[in-house]
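Undergrad: Residue numbers (this note's numbering), protein chains in the order written: chain A, 1145 to 1470; chain B, 835 to 1257.
Hints are computed from structural coordinates only; laboratory data are not their basis. Take these hints with a grain of salt, some might be off.
[As the list claims (entries may be wrong)] Under the rule of at most 20 angstroms between Cα atoms (straight-line distance), these lysine to aspartate or glutamate pairs were calculated in the EDC-like manner:
#: 1; chain 1: B; residue 1: 858; chain 2: B; residue 2: 881
#: 2; chain 1: B; residue 1: 902; chain 2: B; residue 2: 1114
#: 3; chain 1: A; residue 1: 1396; chain 2: B; residue 2: 1149
#: 4; chain 1: A; residue 1: 1186; chain 2: A; residue 2: 1165
#: 5; chain 1: B; residue 1: 967; chain 2: A; residue 2: 1470
#: 6; chain 1: B; residue 1: 1224; chain 2: B; residue 2: 1251
#: 7; chain 1: B; residue 1: 859; chain 2: B; residue 2: 914
#: 8; chain 1: B; residue 1: 843; chain 2: B; residue 2: 862
#: 9; chain 1: A; residue 1: 1362; chain 2: A; residue 2: 1340
#: 10; chain 1: A; residue 1: 1396; chain 2: B; residue 2: 1001
#: 11; chain 1: B; residue 1: 967; chain 2: A; residue 2: 1465
#: 12; chain 1: B; residue 1: 1056; chain 2: B; residue 2: 1040
[What the hints assert, rightly or not] Derived coverage of chain B by chain A (criterion: at least 3 residues anywhere in the stretch with Cβ under 8 angstroms from a Cβ of chain A; other residues may be distant):
#: 13; region: 970-977
#: 14; region: 984-998
[What the hints assert, rightly or not] What follows is a set of in silico ranges between Cβ atoms, one per label pair, in the way DEER data are often shown:
#: 15; chain 1: B; residue 1: 1006; chain 2: A; residue 2: 1147; range: 52 to 58 angstroms
#: 16; chain 1: A; residue 1: 1440; chain 2: B; residue 2: 835; range: 48 to 54 angstroms
#: 17; chain 1: A; residue 1: 1266; chain 2: B; residue 2: 861; range: 52 to 58 angstroms
#: 18; chain 1: B; residue 1: 1001; chain 2: A; residue 2: 1423; range: 21 to 27 angstroms
Every residue, glycine too, gets a C-beta built ideally from N, C-alpha and C.
Now for the letters of each chain:
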Amino acid sequence: MAVMTYRDALNQALREELRRDARVFLMGEEVGVYQGAYKVSKGLLQEFGEKRVIDTPITEEGFAGVGVGAAMMGLRPIIEMMTWNFSLLAMDQIINGAAKMRYMSGGQFTMPIVVRGPGGAAHQLAAQHSQSIESWYAHVPGLKVVAPATAYDAKGLLKSAIRDDDPVIFFEGETLYGSKGEVPDEEYLIPIGVTDIKREGSDVTIVAWSKMVTVALKAADMLAADGISCEVVDPRTLRPLDDAPILNSVRKTNRCVILEEGWPFAGIGAQIAYQIQQQAFGDLDAPVTRVTGADVPMPYAKNLEHMAMPTPSRLVAAVREVLYLD
Amino acid sequence: MASRVVMPKLSDTMEEGRILRWLKKEGDPVETGQALAEVETDKATVEMEAYTNGIIRKLVTLEGQFAKIGQLIAIVGTADEDISALLPVDGAAHATAPQHAEPAAPRPVRASAPVPANPTPAAVAAERGRGLKASPLALRMAAEGRVDLNALRGSGPQGRIIKRDIEAALAQAAAPPAARPAIAQRSRSLAMQAARDEAPESQAVELSPVRRTIAKRLVQSKGPVPHFYLTIEVAMDRVWDAYKALRDQKSSISINDIIVKATALALRQHPDINASFAGDHITQYSGVHIGMAVALDDGLITPVLRDADLKPLEEISEEARTLAERARARKLQPNEYTGATFSISNLGMMGIEEFSAIINPPEAAILAVGAIRKVPVVEDGALAIGYRMKATLSVDHRVADGASGARFLQTLQRFLEHPLLMA
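Extracted from the complex, chain B is given alone in its bound form:
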């Protein structure tokens, strides 16, 4: 009995996914739990697992195409059963193009027996298999190495494709194209000239799923969430000294790690900030889970450091680094970027003095951290050099007021100005 494979919900906020790569091809056997495809969701690229055993009979959604949650993307069944009833009548209508097709027009009444628009998988296989001979090992190696057998000439008897043919193809694919760079070099200026001449005045850049999510969610935030902003200046001299001392001891703890720890400890003392607006009530969270904004090439994501108030600095540092690396590699699992109770966005390392961040709902606040600057300060009536940092708290006014936000910032300031209090 053939079954439909539909786009699963791979993150809490996902509405559609893009098939980046099918990991199985039509005709391949698949077992429950095996990875079926790489799917790009609004948050990350994840492997989607098969939920049934059988043979992949049809891949409905092509690589690079989007499918909404619940939309048919493939059919799994036995090798020879009739799956025409499960197949879309018009193959093209099923893969949503990125720009979202209009609702389909009413279908005309069929006058005669339906003619499948797409050839059946069996017919495709027969067509592809015509004249193609390969040893079982070669077939397996080709599948594993993604070698297109149709492009090969077999060196075995009757043109049979054998192990050495696949090895040669794999070696060729791996070798750098020796001649090409020189040609490319020579023609680069010409190509650039041509590109300038032909370039239109503007160009449409397709929205990545991450960019779409950012757009949607931040409008959701800035519209309904009444933000207000509080900025405080913190003397970072002691943190700076501590950081330098740690660095001298070959520790990899960063200033940002110390800020995360101080923020988490401050939140522990101010449960009214570690909260969410929930319509008819306010939810105060028992755990302090810090989302830390990580910039990606085409957006940002906030992996979550759970229970940051309870973890030693070493552990925060290690975990933050791992999460950031995984975020940039798009390897985060949904549980690694959901469930934060408060977020920190730090643009200090990019020289930003101060800024205001947009709250990441349903959190009640976000801390925007600026650069540490060497500035002239007055100490004991004399000018001195001090390390100062500005931090701006954006607060959801439905959850907390100016005074409670200010008290939270004072606590944070106290931790950062007296880092031994954190010990």
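Just chain A, same shape as in the assembly:
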């Protein structure tokens, strides 16, 4: 078992799948000569050549559309968005093209495309480049949405995404790329749509995904010092949502806090809270509570940016509230 960065785990996944299947290719801004804006595609141009690792102009809608067409013709494109903020330009191709093609063609076409890149805020990238928009894509029937938190999950899920015959929206994290984790030496896959328990506990259920899992685990450590046992549940796939482990956890702890980097209104957490109250109402001893990003465009000022982000201490306060401790 090797310890490697989230970035290298993704790189391995890409490399293994490019080797495994000649129909797979990678396309996006700076993926080739520059080796990727975040070095995820390092070394791939050298190994697989210009036909399979393709640098594009700054034309998100254009290369997303090329990806959709290639997938319709039987190739298996991986489209890199330098960040998910830029995908707003490509939304018509993704939502009206990729998500609906199988349906509108009566099943004549499959859509084995992966669109991937970092989501969420990093540091002082301001309002236009700090957005967590996974709920926008998870809203759309026809798309699968994946948001892994660890190197292990990232590699296993990316390989499954590339082999999937439906469009998969793959959210990475700019601040996760450098995080390290254990990754098996042998090949493995993690199926799409399987929730993972990141930490077992008995007093409260915390649901978090992508880089919010890190925040949740930090808060769980802080709370453990006060004798509070947190269960951290990571759905990993946001659509289709594997809610059974979440519900089982809530049935055990009787309370739940959902942590989400994005905005609160119509967020993923709103959907999860709905499912919990619908299916585990009689097990709740407190209202399901959410900790989210502030309902404002992300401020540029460092102090304000910090205040707009979900932090371990805000999560600790929410947990104490559902435990009726303060």
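Place chain B on chain A using the hints.
TA: Just chain B, lined up with the frame of chain A:
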């Protein structure tokens, strides 16, 4: 569409039942097949099942009250429909008091629109719910643990009753009241004195359903059924030896089990005793099903050992013990205490030498078994100690005569005096 829930017929002879405990409360959802109430019938305490799905809108018969078969005891419907048409006009008249109310007087003609005597369930719920806040989990735990939310103060925000409040209430209910025994001890003599001073010369003890049934059915028996009695003495020496040998082998087979087996085998040979008088004919039964009288605190019941002639002693012993335990716990199901073709009442273990039992209709006979006594007997012209038991057969003369009863007793005697014949 709301539907009426009526007192069901839970035993063959039941005419009314007492609601011991409602297992659902007003506002609870209920599904077909779920237990709705514990009902005490004339025979046993049984769980009554729901026959419809819906919400319990109204519990008409209160716990502890009787209702006749077919009488409205509850209403099940949807959460908000109007059930006033199904509700009794006068709530109190519906639960029959134990002493049986007189027929209601003719109702006066209503001059104006009816005013419901009881508040509607919605109004009750609103009244109860005013100011009461509880988490869904607390509500569920309270319902399961029968905790009265109105008696609790919630420790959550705005007085919300939460899990820990219910847990505290449950813990308190489970804890023994520490201070009370001492006080009770000190004041007991005073209390007894006061009780003596105030005690009336007599007191009315309410008839339990079991006691009522016994009263009714035995009058039905002793009146119309012409009884006659035959007593025989049986040498029980060999049975006694066999019993001791079995006991030494850690077997739990009792003398009574051996008597049951011998009786069943004798009945197999005398179908004229294993019978019923049926008006214009006599029914002889193909199966031998022995009812064994089991004493309860307030009466007795006769659970049935089916096909006792066919079962090995071990099985009779095991089944008799289970049935007796279930009878004392009032857990017998109707099929476990009906269908006997002959009964045995054994008071031997209580030192009764001999007695006559009253036939349990429609059976044709009952065997009253007395104690096994050590008595002086003459054997080969010399005095010896023998084990003797007297058994008295009560017979319905409409079914059988003295001679046939006597022949049955001879067969029984032969089995008991030569127990190896039973093997």
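Undergrad: Out of the numbered hints, which ones does the structure contradict?
TA: Hints 2, 3, 8, 12 not satisfied by this model.
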